[in-house]
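If you want the building blocks of each chain, they are given just below.
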Amino acid sequence: MRVVISGELQQRIFDQMEATYPNEGGGFILGDAEPDTLTVRDIMQVENVFALEEQHHRYAMRPQDWMRLEDQADERGLSLIGYYHSHPDSPAVPSEYDREHALPNFVYIITSVMMARASEMRVWRLQADRSRFDQLQLQID
Amino acid sequence: MAKIRIPTPLRAFTDGAADIEVAGGTVGEALNNLVDQHPELRAHLFNQDELRSFVNIFIGDEDIRFLQGLDTEIEANESLRIIPSIAGGRSLGVEN
Numbered sequence: 118m119r120v121v122i123s124g125e126l127q128q129r130i131f132d133q134m135e136a137t138y139p140n141e142g143g144g145f146i147l148g149d150a151e152p153d154t155l156t157v158r159d160i161m162q163v164e165n166v167f168a169l170e171e172q173h174h175r176y177a178m179r180p181q182d183w184m185r186l187e188d189q190a191d192e193r194g195l196s197l198i199g200y201y202h203s204h205p206d207s208p209a210v211p212s213e214y215d216r217e218h219a220l221p222n223f224v225y226i227i228t229s230v231m232m233a234r235a236s237e238m239r240v241w242r243l244q245a246d247r248s249r250f251d252q253l254q255l256q257i258d
Numbered sequence: 011m012a013k014i015r016i017p018t019p020l021r022a023f024t025d026g027a028a029d030i031e032v033a034g035g036t037v038g039e040a041l042n043n044l045v046d047q048h049p050e051l052r053a054h055l056f057n058q059d060e061l062r063s064f065v066n067i068f069i070g071d072e073d074i075r076f077l078q079g080l081d082t083e084i085e086a087n088e089s090l091r092i093i094p095s096i097a098g099g100r101s102l103g104v105e106n
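Order-wise, the sequence lines are chains C and R.
Take 118 as the starting number for the first sequence in the numbering used here and just add one per residue.
Take 11 as the starting number for the second sequence in the numbering used here and just add one per residue.
Hints listed in this document are in silico derivations from the structure and should not be mistaken for laboratory results.
The beta-carbon is built from N, C-alpha and C at its ideal position, and this holds for glycine as well.
Keep in mind that the hints are not guaranteed to be accurate.
Unchecked claim - Some residues of chain R that are not near chain C, with every Cβ distance over 12 angstroms (derived):
hint	residue
1	39
2	59
3	77
4	79
5	82
6	86
7	87
Said to hold, decoys possible - Non-contacting residues of chain C with respect to chain R, defined by C-beta distances greater than 10 angstroms in every case (computed):
hint	residue
8	128
9	133
10	170
11	256
12	258
Unchecked claim - For each label pair, taking beta carbons as the anchor points, the in silico distance ranges come out as:
hint	chain 1	residue 1	chain 2	residue 2	range
13	C	128	R	31	41 to 49 angstroms
14	R	85	C	248	34 to 42 angstroms
15	R	50	C	151	20 to 28 angstroms
Please model the complete structure; the sequences and the hints are all you need to start from.
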């Protein structure tokens, strides 16, 4: 399984994550799902609604945002294939908190933002038994 | 029958279907009917008999946690929706 994203969309994620630093930012990934390839077609920035004093290490979005963006994706003939968020001054590796809140069949793009600069992007997917994440190949197109 | 809208990542467990018709007079009965029809959903919706903390059930724009939870009564043609809470965050050094 690989995930393909354009350089432009990757840069939009990097710009958002640097703008929200030192807090976490995030949003939804819309795209096409094929058996071996997930192609990112668009990203939708979503406000972090976690308590402000915790946003340096936590990200959350409202259920109403999910409803709105899932309906938009369905109307556009796209799928909600995952979500992205940042780890400020921390590696682009899922935490235990990420795993507890993760969904199967969803890709998780994590961007490490070190000293206010987006430095690395990695993509992960939860195993079906919820035991751990597997890292997926990321292709910048 | 009532119907439940399935969130996109869980549609892999409903043969791709977005809406599933379910039987039951309460939200809990409807969800049990749903997982009886599609057993692979259970692990992602329930932790034993409790809804997982990141699983929200909405009737219209109302979260059932602010109604009567799983005991909330539903009409025969009610539309329910499963909405995951999306959350994430870096480790502070004690989790990994």
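Minimum Cβ-Cβ distance from residue 86/R to chain C exceeds 12 angstroms: holds (23 angstroms)
Could you check that no beta carbon of chain C comes within 12 angstroms of the beta carbon of residue 87/R? Non-interface label stands for residue 87/R: nearest chain C Cβ at 20 angstroms, farther than 12 angstroms.
Taking the minimum C-beta separation from residue 39/R to chain C, is that value above 12 angstroms? holds (22 angstroms)
Assertion that residue 256/C lies farther than 10 angstroms from chain R (Cβ): Non-interface label stands for residue 256/C: nearest chain R Cβ at 21 angstroms, farther than 10 angstroms.
Least C-beta distance from residue 82/R to chain C larger than 12 angstroms: holds (16 angstroms)
With 20 to 28 angstroms as the target window, see if residue 50/R and residue 151/C comply at their CB atoms. holds (21 angstroms)
Whether residue 79/R stays farther than 12 angstroms from all C-beta atoms of chain C, as the label says: Holds, because the least Cβ-Cβ distance between residue 79/R and chain C comes to about 16 angstroms, which exceeds 12 angstroms.
Reported absence of residue 170/C from the contact zone with chain R (all CB gaps over 10 angstroms): holds (13 angstroms)
Is the nearest CB of chain R more than 10 angstroms from the CB of residue 133/C? Non-interface label stands for residue 133/C: nearest chain R Cβ at 15 angstroms, farther than 10 angstroms.
Please confirm whether residue 77/R is truly not at the interface, meaning its C-beta sits more than 12 angstroms away from all C-beta atoms of chain C. holds (14 angstroms)
Falls inside 41 to 49 angstroms, the C-beta gap from residue 128/C to residue 31/R? About 44 angstroms separates the Cβ atoms of residue 128/C and residue 31/R, which means 41 to 49 angstroms holds.
For residue 59/R, is the shortest beta carbon distance to chain C beyond 12 angstroms? holds (17 angstroms)
Figure legend: structure checked against the earlier numbered hints; every hint is met.
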